[in-house]
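**Student:** This is what each chain is made of:
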Amino acid sequence: MDDSFEAERRERRFDRQLADVRVPDDLQNRLRAIARWDDATLDHAMRDVDAPVGLLSRCRSIAAESWLERRLNDLPVPEELMVELRKIPAETPSELDRRARRFMAPRGVRGGLASLASLLLGIVLPLLYLGDRLAELRALHPAPIVHVLTHPEWNALRGTQGWSLEDGGALSEIVMSDDSSNTDAAGTAIEIDDSSSWVAAFDPIEFDAPDMLTDREYVRRWIAGSRLMWTDLAPKYSIAQDLLVARRPILGAPRRDNELPIDLDWGTPPERSGMVPPLLPGFDRAFLFRHRVNPLVAPRDDARLAELQVPVVTTSANWDWAWERLRLRGQLQPDDVCVEEFLAAMRYGWEPSTDGVRVRMAAAGTPFAENNGKLLQIGLQAGRQSDADFEPSHTTILLDASESMRCDGRWSWGVRALLRALDELGPGREYTLLLCGNQCFPIASSASHDDLPQLRQVLSRIVPQGDTDLVHGLQAGIEHARSELSSRHMTRRLLVITDAEPPTESDGWLQIAPLLDECVQEGLSIGWMNLNGHSDKPAVSGGQRGVTPPRLQRTNTPGSDSLRRAVWQFVSQRSSEAARRVSLRVRFDPAEVAAYRLIGHNATSYGGLLPASEPVTLHRGDQTSVLFEIWLDPRSPGGGRPEPPPGEASAFAREVATAEVRWIDPSDGSVQIRLERLYAHEIASTFEAAAPALRFAGVVAEAAEILRESYFVPVRSRGFREVSQIARRLPKPLQSSAEMADFVEFLRLADPQRSRAVP
Amino acid sequence: MALSEDQFNALVDAHGPTLYRVAYRLVGDPHESEDLVQETFRSAWTSRERYESHRGDRAWLISILRRRAVDRWRRRPRWSLTTESGASEPIAVTPPPAIDGYTDEMQTALNALPLELRETILLVVVGELTHREAAEVLEIPLGTVLSRVSRARERLREYLVAARA
Chain A
1 MDDSFEAERR ERRFDRQLAD VRVPDDLQNR LRAIARWDDA TLDHAMRDVD APVGLLSRCR
61 SIAAESWLER RLNDLPVPEE LMVELRKIPA ETPSELDRRA RRFMAPRGVR GGLASLASLL
121 LGIVLPLLYL GDRLAELRAL HPAPIVHVLT HPEWNALRGT QGWSLEDGGA LSEIVMSDDS
181 SNTDAAGTAI EIDDSSSWVA AFDPIEFDAP DMLTDREYVR RWIAGSRLMW TDLAPKYSIA
241 QDLLVARRPI LGAPRRDNEL PIDLDWGTPP ERSGMVPPLL PGFDRAFLFR HRVNPLVAPR
301 DDARLAELQV PVVTTSANWD WAWERLRLRG QLQPDDVCVE EFLAAMRYGW EPSTDGVRVR
361 MAAAGTPFAE NNGKLLQIGL QAGRQSDADF EPSHTTILLD ASESMRCDGR WSWGVRALLR
421 ALDELGPGRE YTLLLCGNQC FPIASSASHD DLPQLRQVLS RIVPQGDTDL VHGLQAGIEH
481 ARSELSSRHM TRRLLVITDA EPPTESDGWL QIAPLLDECV QEGLSIGWMN LNGHSDKPAV
541 SGGQRGVTPP RLQRTNTPGS DSLRRAVWQF VSQRSSEAAR RVSLRVRFDP AEVAAYRLIG
601 HNATSYGGLL PASEPVTLHR GDQTSVLFEI WLDPRSPGGG RPEPPPGEAS AFAREVATAE
661 VRWIDPSDGS VQIRLERLYA HEIASTFEAA APALRFAGVV AEAAEILRES YFVPVRSRGF
721 REVSQIARRL PKPLQSSAEM ADFVEFLRLA DPQRSRAVP
Chain B
760 MALSEDQFNA LVDAHGPTLY RVAYRLVGDP HESEDLVQET FRSAWTSRER YESHRGDRAW
820 LISILRRRAV DRWRRRPRWS LTTESGASEP IAVTPPPAID GYTDEMQTAL NALPLELRET
880 ILLVVVGELT HREAAEVLEI PLGTVLSRVS RARERLREYL VAARA
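Sequence order for the protein chains is A and B. So that you can map any letter, position 353 of the first sequence is 353 in our numbering, and since no number is skipped, the others follow by simple counting. So that you can map any letter, position 125 of the second sequence is 884 in our numbering, and since no number is skipped, the others follow by simple counting.
No lab work stands behind these hints: they were computed from the structure. Remember, predicted model here, so these are calculated numbers, not experimental data. Wrong hints could be hidden among the right ones.
Said to hold, decoys possible - Derived CB-CB ranges, DEER-like: (1) Asp335/A / His790/B: 25 to 31 Å; (2) Asp794/B / Leu280/A: 24 to 30 Å; (3) Asp772/B / Gln331/A: 52 to 58 Å; (4) Asp335/A / Asp772/B: 17 to 23 Å; (5) Asp794/B / Ala33/A: 44 to 50 Å; (6) Ser906/B / Pro76/A: 30 to 36 Å; (7) Val829/B / Arg47/A: 40 to 46 Å; (8) Asp74/A / His790/B: 39 to 45 Å; (9) Trp832/B / Ala303/A: 53 to 59 Å; (10) Val829/B / Ser118/A: 21 to 27 Å.
To be verified - Residues of chain A clear of chain B, computed beta-carbon distances all greater than 12 Å: (11) Asn73; (12) Pro76; (13) Pro278; (14) Arg290; (15) Gly330; (16) Asn371; (17) Asn438; (18) Arg461; (19) Ile673; (20) Phe687; (21) Ala741.
Claimed, not checked - Some chain A residues near chain B, calculated using beta-carbon distances under 8 Å: (22) Glu69; (23) Arg71; (24) Leu72; (25) Val77; (26) Leu749.
Beta carbons: idealized from backbone N, C-alpha and C, even for Gly.
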């Protein structure tokens, strides 16, 4: 065994030595025939061969090398090393893509492209240095990178049912039920930089996403902000196509039986949010992305900084979500809070206006700002429909009070939105409210606008529980609506608010089909609002089942804003749009304003890298506030002085800020522009002397900034107790409002968390 | 033809141990050798589009290994010697790849060789490259390889015989 092994080794060495040498044909055979390998035998074998120079010495070395080779190769190789070596080095898709493109080009073209790229880099890089973009990248550098790996066929996958959450157990796996061969889909992954990682691998896919997150909050909390910027910068990356967001229900929350199995619903990419940070000297983008809060801006640094476009935010989903989070978990994370949505959720007690958009500006000294800072409020209020436009109506509201309504806080935000919509509709309408559970019973009959506070109290004591029978509930609602006012000449409507789809044929729809036919003949409109708006089931059409269509208006209302607007539209039978494409620009006078800071509206990365936020539509009842902290220049003619001295009134007529609001009137399509100016002498010297709306917005924003652990909060060392005390000193009309009551309760719930968090 | 994953694994199995031995004999430190081999295969993977199967796989890998080793030596700090005047004067010294941490007789003998001789004999004897492949890797004429291997072998023999005596 040893001899044959040694012969084989020797032969390999022999072949190696001769591999690059042209030798006579028979020389190899002669050499292999050597039985005893020594110099004499070798010389004999090569005696008549005209061998190349050095060949003989190389052949001699074969024998001489054996001991050397044995010694040199006598090294054990660590087994772990071999295991490590077999791991393919990881590469990001962008690297792969880049490499693939690089090697597609011929060598000559490659050289040309490389030269061109070098030239471009030589130009682009200095520009990056000149701009602040590199600064923000540097600011981001310490932060871990979130990888959002998707595949180009993402759009094709949208809406397929191949992915689902396995129900039962810990709900911990996503399985690809029908298409495990689709490796593109399986390659989709999101990695998060903390312990709550969410990594998709091939079938089955590990799923460890933090629960209790809607898609939007998931993105805001884990992906958005500065970290997504890296993904944005990746070649060919498109947020609209390449960002995958999966949505799933709250673990442990009560669900309706017919919601099974739980489909993993691909969420849409997040909406842009926040102010667009300008690429201008003087705007500290590095600060913005490091602290995720808008920096102080000195308009004198650059004339362009004196004017900015502020996104108008009318959605209040974050407020509802924060409520639910507090209720279930008793705590909020800083990234859970969105200041501008807190502000949009409030109503500020402004007098109703019939204008398309009413703009209000007010400013006052504030205890929340350092160094004699002022709080500036720009309020936008959607115009109210004139009461003369409404015909008297009676609406029977069938409210689902089953246990599933507690899921996602549907009951709490649903009731809040319903009552607010009824309040905004004003007097002149009547309502009957039926609760629908196992049984159906009325809790208010022919209630008017004045009865809403009492109705609110009753509803606040109700805890949804048990099942519900919607067929019987609908039947009872119809009968109630028909009998209630049969002798009065009022338009009658029936509104069902639930978290389920309308009953199907198998659910007993045919039982009430004749009843619905009668409703149609009598002109009774039926609205069906589904708070669980994720379902894609088609609306029930009576025509498909051989009955007359019952004019059932089905609407998905997955949030309080959409429900409020849908209720308003259904009851009024008019569009709720008050103004389309509303945009707000604010200008500061650099002579008056030394510095300002926009509160909230903190830019996400895509807010920073994409064009400005889209103009929004204001609906009836919408109110929102944009808040600034401003510091007036004490050397300016009007700055810093509380009262206008006699004879200097003209100096005090100088503008501090101007708000320009543009919108399109939906009634005739005309462009409307409103300018609202704030003069120095209009600034209230103290917070207590300010308009109630400003004070309310101030405390709401302060509370949100405390929760967000804003960079600007710790220096003031204020807590919820102080904010609550200031809130309690607000005027009585505001104190008695539902929003104020909710806000005070919110502070009470949030306060223990803060006292634990702050040592 | 780009290197596939299967081909990559085959390369690791076929040449991994040899590369490790070359690296070890070259630098004399097990951990550094492992790093070198890993870097070599990482580089091989990232430049896999240049790979052509069955055309001197080992020579290709060893050339990568040698470049990685040279990079490491270049990164090492230069030595500084104190002159008679007491001033510290930095001078360029070819750093010994490994002078400590290894007591093997053969390694000591290798360390005593000039770098070019050590490198050449390792490529031919341990790396099992043909002389022509070694010449291409080292970018020197074939005859130089032959003479270096011969001189290196002679010196090693002398050193080891003397050590045993």
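**Student:** For the range 24 to 30 Å, tell me whether the beta carbons of Asp794/B and Leu280/A fit it or not.
**Tutor:** Since the Cβ atoms of Asp794/B and Leu280/A sit about 47 Å apart, the hinted range of 24 to 30 Å is violated.
**Student:** With a cut-off of 8 Å, does the beta carbon of Glu69/A approach a beta carbon of chain B closely enough for the hint to hold?
**Tutor:** 5 Å, holds
**Student:** Given Arg71/A as an interface hint, is the shortest Cβ-Cβ distance to chain B below 8 Å?
**Tutor:** Result: holds, 5 Å to nearest chain B Cβ.
**Student:** Please test the hint of 52 to 58 Å on the beta carbon pair from Asp772/B and Gln331/A.
**Tutor:** 54 Å, holds
**Student:** When you look at the beta carbon of Pro76/A, is every beta carbon of chain B farther off than 12 Å?
**Tutor:** Pro76/A not clear of chain B: closest Cβ-Cβ about 9 Å, inside 12 Å.
**Student:** With a cut-off of 8 Å, does the beta carbon of Leu749/A approach a beta carbon of chain B closely enough for the hint to hold?
**Tutor:** Violated, about 53 Å.
**Student:** Is the Cβ of Ile673/A more than 12 Å away from each Cβ in chain B?
**Tutor:** Label holds. Min Cβ-Cβ 58 Å, cutoff 12 Å.
**Student:** Does the hinted range 39 to 45 Å hold for Asp74/A and His790/B at CB?
**Tutor:** This hint is violated: roughly 20 Å between Cβ atoms.
**Student:** May I ask you to test the interface hint for Leu72/A with respect to chain B, counting a Cβ-Cβ separation under 8 Å as satisfied?
**Tutor:** 5 Å, holds
**Student:** Does Phe687/A really sit off the interface, with its C-beta more than 12 Å from all C-beta atoms of chain B?
**Tutor:** 62 Å, holds
**Student:** Please check whether the beta-carbon of Asn371/A is more than 12 Å away from every beta-carbon in chain B.
**Tutor:** 52 Å, holds
**Student:** Checking a non-interface call: every C-beta of chain B should be farther than 12 Å from the C-beta of Asn438/A. Is that right?
**Tutor:** Its Cβ never comes within 12 Å of chain B, the nearest being 61 Å, so this holds.
Figure legend: structure checked against the earlier numbered hints; hints not met, in rising order: 1, 2, 4, 8, 11, 12, 26.
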